[in-house]
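Line by line, the protein sequences give chains A and B. Residue numbers for the first sequence follow this note's numbering, so the first one is 1 and each next one is one higher. Residue numbers for the second sequence follow this note's numbering, so the first one is 1001 and each next one is one higher.
Straight-line distance between alpha carbons at most 25 Å, and here's what the computed DSS-like set of lysine-lysine pairs gives: (1) B:LYS1440 x A:LYS109; (2) B:LYS1350 x A:LYS41; (3) B:LYS1211 x B:LYS1148.
Calculated from the structure, these hints are not laboratory results.
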Amino acid sequence: MAKFDYNKIFGSTIEAFQSFLKVPSTVTRFGSHVRDCNDLKRVMIIVVVALIPAFLVGTYNVGLQHSLAAGLDMGFWQMFFYGLLKVIPLYLVSYIVGLAIEFGSAQIKGHEVNEGYLVSGMIIPLIMPVDVPLWILALAVVFAVIIGKEIFGGTGMNIWNPALLARAFVFFAYPSAASGDSVWYAKSAVFGLGKDIDAFTGATALSQASEGAFSAAGVGQWSIADMLIGLMPGSVGETSVIAIAIGAIILIWTGVASWKIMVSSVLGALAIGGLCNLCAPEAASYLAMPAWYHLIIGGFAFGTVFMATDPVTSAQTEGGKWIYGFLVGAFCVILRVFNPGYPEGMMLSILLMNTFAPLIDHCVVSRNIKRRLARSQQK
Amino acid sequence: MVDFINIRKGLEVPVAGAPDRRIIDVAKIDTVAVKPTDFKHLAPKLMVKEGDKVLAGSVLFVDKARPRIQFTSPVSGTVDQIVRGDKRKLLAVVVKADEKTQYKEFEPVKVESASAEQIISALLESGLWPCIKQRPYGIIPAPEVAPKAIFVSGFHSAPLSSDLDFSLREELDSVQAAVRAFLKILPGGVHFGIKASNHASTPFHKLSGVKFHTFEGPHPAGNVGVQISKVCPIAKGDVVWTVDLHLMAVIGRFLLKGIVDMSKIVAVGGPMAKTPGYVKGVCGMSMKNIGTLVAEKPELSLQKGQKVRFVSGSPLTGTNVGEDGYLGFYDDSVSLLSEGNYNEWFGWAKIFRPKKFSFSRGYFSWLTPRKKYAMDTNTNGGVRAFVLSGYYDKVFPMDIYPVYLLKACLAGDIEKMEQLGIYEVVEEDFALCDYICPSKIECQKIISDGIDLMLKEME
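The shape of chain A in the complex, shown without the other chains:
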């Protein structure tokens, strides 16, 4: 087949839809004559599949938290459908806005459309407070895709994780929509499900923990089982550690995400958490919270599994992955415990380490270079 002409009117768009439906008929011209049947579409779809458990539990949890906040007695399916009605608009906005920009910029550059946004678009609603206004979400997506990705050249070239940039954008530009204690609940009725409630606040586990409201049984009013299953307020997809763990197993088994980053991130959090425990001045200090609680509250688990492991923005060398992951976990706990301004440290921790990942890799690769240099000087 002749090379596809991406520059003709809607060339990129047509190619994207064609190759979405059927594998292109291109044949090898250089190098290996046969190729593996794995491509980036498959890689991306695996990540999307791995996110489904977190999506399902999160959706149910939206309904549950609304039901509790409104004092309603909704059934399981009612809660789930309420959650769906709340979450689906987020998805519509995320995908329509994000993909429109992706297709547009691919067309401008005369490129093929990249699959990266399939995953970013799936993740963005899961790390937003459920009540985030849709126009803010749309702005965040615009910011994340253009500033976070396209100006660097698209998927594979970006420095920061685009989904986290969307989160950071909302967090800093519209703090009232993304932080505080009132944003984590859906507060309005949709199509007759649920009911409007105003000015409801309920502190999240993270802010309760920072005030010392934890015990051996759990944090605040949530038991450890609640925290593992994810029946607590928080961003849509971040609450259920079990659902995220299922995703982690899929990602590790298929080799899409690095287990080294996940393990070292957990180790980093436990190390700093343990250190905090040792230095805790009193039992009610945040420092005294059992280190492993950090793993199951807030966005730690979701960030570790789905965001720190983003292969483009994380460290690329195997040695670098251990260092990078450890520092992600360590900074997350440091930010949580010592920075009163931000109850959640994971977002900033990952963005910080995204920034430093190339430096870590540089150091690791330099060792390889030095080894090679030493060999040539031995003679």
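Please build the complex by placing chain B on the supplied structure of chain A, with the hints as guidance.
For chain B alone, kept in the frame of chain A given last:
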């Protein structure tokens, strides 16, 4: 002393049609070609014209920059055609073969008493010097520069490649003669890699004078570059010679008999081969000799109606020579693959894709580890930027960061390429990266261009 080296990283690409250990045909040689394009970085100077009579061993062209390096005809006959491409670039010299090959007589070399210089000039005159490749760069070495080591891999590990224990089973004496000659050039410096699983049954374990190294593990354990990197990695300024074992046999026959006998037993395999096996042929033989061995395979529904691609060499590293093409100088196998000009509906979205193999566990081919696949030349996806990290490392058993080296090549940063190990690799070392890459990046092409840039810089 025999050392044992376990290669853990790598992949056996399960292409259907591995050649059976039997001779299925004796090719009737009609035309052969010697192609300057088989030799990296060669600017040839033509020494014959159409209609000239040549013997096996007569010079056809020489290296313009180093005229001592000659390229000779593998058969006797008449120069039939001088094939030129763009800008009159010499692509091939085609010789129409006589019924019976007549050999140019060379003075047989008495290896025991000959000096290194005598052996080198005999190899240069006979046109067998180009059997040697050097690392860095994978080019023909300069005769004046002594190597640090000479490496011969005693087995192929690439898919569909020739089983040297079978194809060279009668060539032990020739190989031994070649080894003796190389020991004269570099005393004690000939290294020989053998496969751990048959290190005692291979005829070549009887070779004397070489340093044996046994290798265990999947492809690329048989690639000489991997073996060098494990035994004595190349540093800046080093030159290591590598010789394919089947060309060692050719050199040995020349030393023993004084004739350039380039006949070889060629493995013919692949999904489109009727009966995968071995063919008695000659260096540079025509693919028309192989054409009769292509099968109609109606059961391959995906590839229905597709043309056959004739690949000289393995499916991972070979050259697409076309049905009218000729076997490459360094190749001892032909892979018959189906072209992949078809659209597969919902290919990437299928949960199961039983006709395709994947290294990744994102598909389910790991459930059927013994299955062989009728692979074709479809790229199975579009070209993208580097996305996954650490993926190439799983099949790249050298102490090199492949993506960093590739990016240095793409950027044309000579200094970085040097620091990251360009001297240690040639294209074939990146073949598996090509194969597994989900972004469909042409790693071998990038490395090839990188090496070209280095060579240009050296001039």
